[in-house]
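Protein chains: 2
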Amino acid sequence: MFRTHTCGELKIENINTLVTLAGWVQTVRKFGAITFVDLRDRYGITQLLFGENLNTQLNAQPLGREFVIRVKGKVSERSNKNKNIPTGDIEILVDEFTILNKSAVPPFTIQDDTDGGDDLRMKYRYLDLRRNAVKRNLELRYAVNRSARNYLHENGFYDIETPFLIKSTPEGARDFVVPSRMNQGEFYALPQSPQTFKQLLMVSGYDRYYQIVKCFRDEDLRADRQPEFTQIDCEMSFVEQDDIINMFEGLVRRIFKDVKSIEYNETVERITWEDAMWNYGNDKPDIRFGMKINNLKFPLYTFPAKTGYLKNSPLENETGFKVFDDAETVLAICVSNAADYSRKQTDELIEWVKRPQIGMAGLAFVKMNKDGTVKSSFDKFFNEDQLKNLAGFCNAEKGDLILILAGREERTRKAMSELRLEMAKRLGLRKDDEFKLLWVLDFPLFEYDEESNRWVARHHPFTSPKPSDINVMINNDPVIKNAEKYLEHPYANIKANAYDIVLNGNEIGGGSIRIYQKELQEKMFAALGMSKEEAQHKFGFLLGAFEYGAPPHGGIAFGFDRLCAILGGSESIRDFIAFPKNNSGRDVMLDAPSTIDEKQLDELSIKLNLK
Amino acid sequence: MFRTHTCGELKIENINTLVTLAGWVQTVRKFGAITFVDLRDRYGITQLLFGENLNTQLNAQPLGREFVIRVKGKVSERSNKNKNIPTGDIEILVDEFTILNKSAVPPFTIQDDTDGGDDLRMKYRYLDLRRNAVKRNLELRYAVNRSARNYLHENGFYDIETPFLIKSTPEGARDFVVPSRMNQGEFYALPQSPQTFKQLLMVSGYDRYYQIVKCFRDEDLRADRQPEFTQIDCEMSFVEQDDIINMFEGLVRRIFKDVKSIEYNETVERITWEDAMWNYGNDKPDIRFGMKINNLKFPLYTFPAKTGYLKNSPLENETGFKVFDDAETVLAICVSNAADYSRKQTDELIEWVKRPQIGMAGLAFVKMNKDGTVKSSFDKFFNEDQLKNLAGFCNAEKGDLILILAGREERTRKAMSELRLEMAKRLGLRKDDEFKLLWVLDFPLFEYDEESNRWVARHHPFTSPKPSDINVMINNDPVIKNAEKYLEHPYANIKANAYDIVLNGNEIGGGSIRIYQKELQEKMFAALGMSKEEAQHKFGFLLGAFEYGAPPHGGIAFGFDRLCAILGGSESIRDFIAFPKNNSGRDVMLDAPSTIDEKQLDELSIKLNLK
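So the sequence lines, in the order shown, correspond to chains A and B.
Taking the numbering used here, I'd label the letters of the first sequence as residues 24 to 634.
Taking the numbering used here, I'd label the letters of the second sequence as residues 24 to 634.
Next comes chain A alone, as it looks inside the complex (with noise of 0.2 Å):
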């Protein structure tokens, strides 16, 4: 028998039993005649006390760190206890031990702050996963696990596999392939998710599906992407979009229960996709702190589509400020208590807003001084009452800040929500262990792609659109004739039966409720540009299940890594998945992806062809 406790198991209750522990040497303290060992498992860490007696065995076979023995001794209260770990009380009187595998130096340190850098930890990862920092991370992530299949069980879902060798439809993102042996010149593809299949077994009539699922896309790999991921997958059969929203907001409060000992209580926000665009200036907003963002002028094209948004903003009329004049879109934030910024601080916000990654020409603000003057960095061109009509537009106050980006549409709301996020960051209103959950609603159906001149779905070719949204599809061709005025199409304002649930800035799930009548799935593929044989090729077996009592069905998905992350506090995935790839998809640990033999390629009936 290797051990009778685990090594964060003793206490003073355990006093005077004998005991076998095995374990890992954390540490080896030597003090005179005798030796102290911290004995490290899964489990906690216990202190060994090596006697006297012993030290002839030990001067033969010295311990050293990451060293696995075995000893047997006796349960003894501790002089010297510590409060900090649950054993402190105790250690054990070691009457002799055993080397049960000895250790190599390991290339970094294993603890919390560990000395390798990210390329070592990756090689060594089955060092670095013994660091506590990364245990955690897992036991969180299979906690999270837990806690989602307990809910989704108590909620009458049932777990069904899906086939991962399924066939290659490549729609939005690339496939991975997987050459088929036996059928030559044919390949299967790994799925990008199982929506399908979900989707199939709603018209099979299971009514509650859901899976942890590996799901794959062989895309570019962008900081913290990765080829693999995992989602939880689910769906259900006679739903409407707040059934869906019900009852997975139910399993978020569910997890930060069990997870983080979080009673989220509060109502969880809804807005609508066009508002987050307009306030946030993008589609997951980080609402742990407000600071939106005011339109100081209506942008000339595209977004939002329509009304609604339509106020007295200060810039509509010419100014003579050229800079705001010819701009497509002029945005606001208010920053607060900023005034004080020095111009070292302002120099540098500019800075960073003309980095590539952000890519605007500079940046305007208006300081709101604590003694009531107002000063702004286009002083030649406004006046105060202008300064002071547009502080009130932004309804700032004294002592703050405005900072004002001027551009194109496009660029300057993606630009200002950068600039929102990061002004936030600096002033500490993105806690780590503050949680903000959102519902994005209404998206658009289609987006407009200009290269092909056509439509391409913004979520996938499944999404319904809205009830009231079905007949401007089905009776109106989605051929777009002017490309100039695509925006005057009938389809550009079609809104989809689609929502993500976003948490602290990051959309942690989305789904839909899909389309389940033939004729509108067959629409929605010909909007797509598909041909009615190309559908069939691609998704006959999705279009042959709807002529057979299809149900309404909608699901979401889950980005499983990415909500274990947010919850671990940590903007990486990386880091919460066992054993991830880098960035260029290899695992540098195995050295995969690699070379395979000359008889492999060939039973596959395929050869390289390199370039």
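Hint data in this document are derived by calculation from the structure and do not stem from the laboratory.
Everything numeric in this text was worked out from a predicted model, so none of it was measured.
There may be inaccurate statements among the hints.
Identical chains share a label here; the pair holds if one copy fits it or two copies do between them.
[Stated by the list, open to error] Calculated lysine-lysine pairs in the BS3-like style (CA-CA distance at most 30 Å, straight line):
1. K634 to K622
2. K104 to K280
3. K622 to K320
4. K53 to K307
5. K448 to K437
Chain A is already provided as a structure; the job is to place chain B on it using the hints.
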């Protein structure tokens, strides 16, 4: 809102409640002016009564089988109650109804005894999945999943996800590979199992790991194999064989209890691999019945390797009956109460063993008649005393039929194993609802591969030899100098620290205590004919991990699909998989695998190389 209740929940207590139900039309029955409809969903069936007032609408919008409808109405007591279903006391007096979706006439009937053949059912799997028989299977599968997760959670196991895009290390089975776009000319492989990852997790100190996970093997598909299949994959640290056996016997007992309401309290028998082969002719014996094999002659070569089985076999000396005298092996089973088999029946059995799948030249038999006389198919050569001696050796009693096969050891033992199972089947001794577990232990570590004149791992290259055999392995050269006498090589008798768990004659799980010492692992790779460089290239990460304090560990993997099938009383795993593939590895519903675009091939830097 689509429904206030499901079709499975309304009872006599709900009478007079106004309800909304949604579901599928199972049947439509017209009785004069009124129409009865059975409405079906996942939860049950509820009877609907459409009165005369709805006839106009029903005529305009007639209901058909598998239509999806929503109805509103009042719960009412049925005059003609149906005690067979939970909702049988009530019916819904329909006030209004809406057709949510129509259905074409399904290509086969959605019933337990469907008229659909296998191919049709697979093509329209989404309809097949509606059948109660299939639905019950998937429900059972989910119940097993849930039960296993609960047990493992309660026992401190973490579900930790391991990667799907890994490195190709073709050892046993063939890998499915995935071309990497970002790493030209290189490939990922899909995991045949998470074996090395779970071992790394033990090295990382996670102590108890599990996953219910898809695995992939590109093998020619025998009946009832799938290219992707699911394992319950588990690993533990600081354990010996008995720890694993106890833990996972507990898992199976728990599943029996949760899923089948069976308290499996009896001791699970443990036999060695040698005993299994000697007494049952295979390594996964069905012990729901006895009928052990009697070894009438000690086999000349090969099996079983050594001592322990010698007893006074009746055919060790010449008998004059050439069939027995010339045979390497002569095996007998004693079939209770079958002495009255007619000539026709014994002739039929003779034909049965001659079939190519069995491949024997003939079958001898001895009838122990009820009147005390003995009659055999080789009376010419054996007198009554000899026959009675033989019968006594087989523990045959009056009324029994002894069946005897003679020939080459391996084939004969295999054939006798099949004949034993066949006779048990004919006698009704293999009951679907009787469950009998068995552990098979002490497998050989190596098998001899004639073609390459070297050892192959019987289980996998990470399985440890028995502690007492470690030195045999370390201290001997694995090279086989004399191919003919490979059995005399010390490696031939090394036993593995491996165990299989068998249920009703099916291996449902298998595992081993792993090698955790770098030196031993290197020796194992060498024994399997791998050069140092090759071992380093393929498994460098594991050998590396073993340098930094790898703990003793071991684990097991259950074939989840098969376990479910057996618990469901079926021989076929396909009925327990939502979307299975056929014997050519095709998903006929999706029509996958399929050709992919030139552009995709080009991006992946591969081209076809068809023969």
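So, going through the hints one by one against the coordinates:
Proximity of K634 to K622 under the C-alpha cut-off of 30 Å is found in both arrangements, the shortest distances being 22 Å within a copy and 14 Å between copies. For the homomeric pair K104 and K280, neither the shortest alpha-carbon distance inside one copy (33 Å) nor that between copies (46 Å) is at most 30 Å. Taking the closest pair of Cα atoms, K622 and K320 never come within 30 Å of each other, the shortest separation being 66 Å inside a single copy and 45 Å across copies. For the homomeric pair K53 and K307, neither the shortest alpha-carbon distance inside one copy (56 Å) nor that between copies (54 Å) is at most 30 Å.
With identical chains, the CA atoms of K448 and K437 are at most 30 Å apart within one copy only, with a shortest distance of 17 Å there and 72 Å across copies.
Hints 2, 3, 4, counting from the list given before, are not met by this structure.
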